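Q: Our numbering numbers the first residue of the sequence shown as 552 and each following residue consecutively.
For the record, the hints were derived by calculation from the structure and aren't laboratory data.
Keep in mind the model is a prediction, meaning the values are calculated, not measured.
For each residue, glycine too, the CB sits at the ideal point set by N, CA and C.
Accuracy of the hints is not assured; some may be wrong.
Stated by the list, open to error - Computed cross-link-like contacts, DSBU-like style, restricted to lysine-lysine with a CA-CA straight-line distance of at most 35 angstroms:
hint, residue 1, residue 2
1, Lys740, Lys595
2, Lys897, Lys882
3, Lys713, Lys835
4, Lys595, Lys734
5, Lys759, Lys734
6, Lys713, Lys855
7, Lys855, Lys740
8, Lys855, Lys897
9, Lys759, Lys740
10, Lys759, Lys855
Said to hold, decoys possible - Simulated restraints, written as ranges between beta carbons of each label pair:
hint, residue 1, residue 2, range
11, Gln874, Val694, 44 to 52 angstroms
12, Ala794, Gln867, 37 to 45 angstroms
13, Arg793, Gly589, 21 to 29 angstroms
14, Met871, Glu671, 50 to 58 angstroms
15, Ile799, Gly842, 15 to 23 angstroms
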Amino acid sequence: MAGPRRRIIPVFIPNDGCEHDCVFCDQRVISGRGSPAGPDDVRKAYSLELSVESGEWSVECDGLSAQPAELAFYGGSFTAIPVERQNELLEAARPFLEMNPQNSIRVSTRPDCIDEKTVERLQSYGVATVELGAQSMSHDVLVQSRRGHTAEDVTRASGIIKGAGLSLILQMMTGLPGDTREKSLYTAKRFAELSPDGVRVYPTVVVKGTELFNMWRRGAYREHSIDEAVELCVEICVIFERAGVPVIRLGLNPSDALSAGDAVAGAYHPAFGELVYSRVYYNKAAALIAGLMPCGEVTITVSKGNTSKMAGQRRQNIRMLEQVFSMRNIKIVEADLCPGEITVEKNHVRV
552 MAGPRRRIIP VFIPNDGCEH DCVFCDQRVI SGRGSPAGPD DVRKAYSLEL SVESGEWSVE
612 CDGLSAQPAE LAFYGGSFTA IPVERQNELL EAARPFLEMN PQNSIRVSTR PDCIDEKTVE
672 RLQSYGVATV ELGAQSMSHD VLVQSRRGHT AEDVTRASGI IKGAGLSLIL QMMTGLPGDT
732 REKSLYTAKR FAELSPDGVR VYPTVVVKGT ELFNMWRRGA YREHSIDEAV ELCVEICVIF
792 ERAGVPVIRL GLNPSDALSA GDAVAGAYHP AFGELVYSRV YYNKAAALIA GLMPCGEVTI
852 TVSKGNTSKM AGQRRQNIRM LEQVFSMRNI KIVEADLCPG EITVEKNHVR V
């Protein structure tokens with residue numbers, strides 16, 4: 552049974568602890584933040600979030616926040632910054648954990664900056680989730696992207712995190728230098744074998760001022776387009792769905808800097824995830840409808856909250872299905888189905 556919904560309280564430490572200059576990265580632009588956070592920023596982040604009433608959650612009840620929340624350190628390699636600074640940031644979060652026994656902390660880091668001692672220390676401060684920026688399981692892709700770690704580091708670190716009872720989130724990228732469709736699918740399959748509690752999939756975006764930008768400008772790197780990235784991520788999502796691994800993010804979070812022109816090429820779209828899920832739903836519906844032909848009208852049932860994904864942007868999916876199958880009318884209804892499940896009904900026959 553799923554636990555209570557958690558609100559994410561982000562704290563950004565852009566590029567902090569990063570000893571390697573990955574060709575694609577400028578976390579200050581990607582995160583929209585400048586300097587790394589300090590202890591006061593940590594306290595300010597959760598104090599603001601947990602002291603303001605909103606329609607979704609009103610926050611303090613007998614000294615405890617009413618809804619569980621997660622304080623998440625994003626944007627750098629948390630366990631690669633000096634231990635003293637790590638401990639200062641985590642110590643500043645102790646009052647946050649005391650507000651609700653179900654509150655937790657998440658950190659993002661590199662696979663080569665994880666060992667048993669580090670994980671034990673993180674646990675002592677209440678860290679419950681570790682995200683690994685793994686990006687690829689292909690050696691040549693990691694080398695060309697200047698990641699500074701190996702695929703074996705990913706496997707080893709994942710085992711340590713899972714073995715300690717922490718939640719594991721893996722981040723992968725598609726379209727990196729040297730990457731191909733086959734290599735990205737291989738990475739997704741390897742990730743699935745590690746049984747993470749969730750994955751994030753980020754198609755590569757060429758950000759102004761990075762080494763990848765220089766490579767792209769001189770023709771040493773060819774970016775993948777939004778359409779190419781959508782098609783690839785559809786296949787990747789199917790791999791993770793079959794393995795029971797949730798995809799918790801598709802594409803970079805939109806930021807003012809990226810939308811204003813710092814994203815000069817590659818698969819940047821403010822609603823990239825919606826484009827991918829829309830295509831996933833279209834493929835599922837098309838396969839089911841094909842098995843019912845000929846038919847003039849059908850009703851597609853989706854799980855609650857997923858009507859827009861099935862319809863597609865501006866109902867593009869519905870128009871395409873009606874055109875491809877020469878249909879007159881397609882209706883979408885919601886029901887208590889498993890997330891991602893759909894059914895198609897013709898003349899009250901369910902398949």
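Q: Can you give the numbers of the hints that this structure goes against, from lowest to highest?
A: 1, 4, 10, 12, 13, 15
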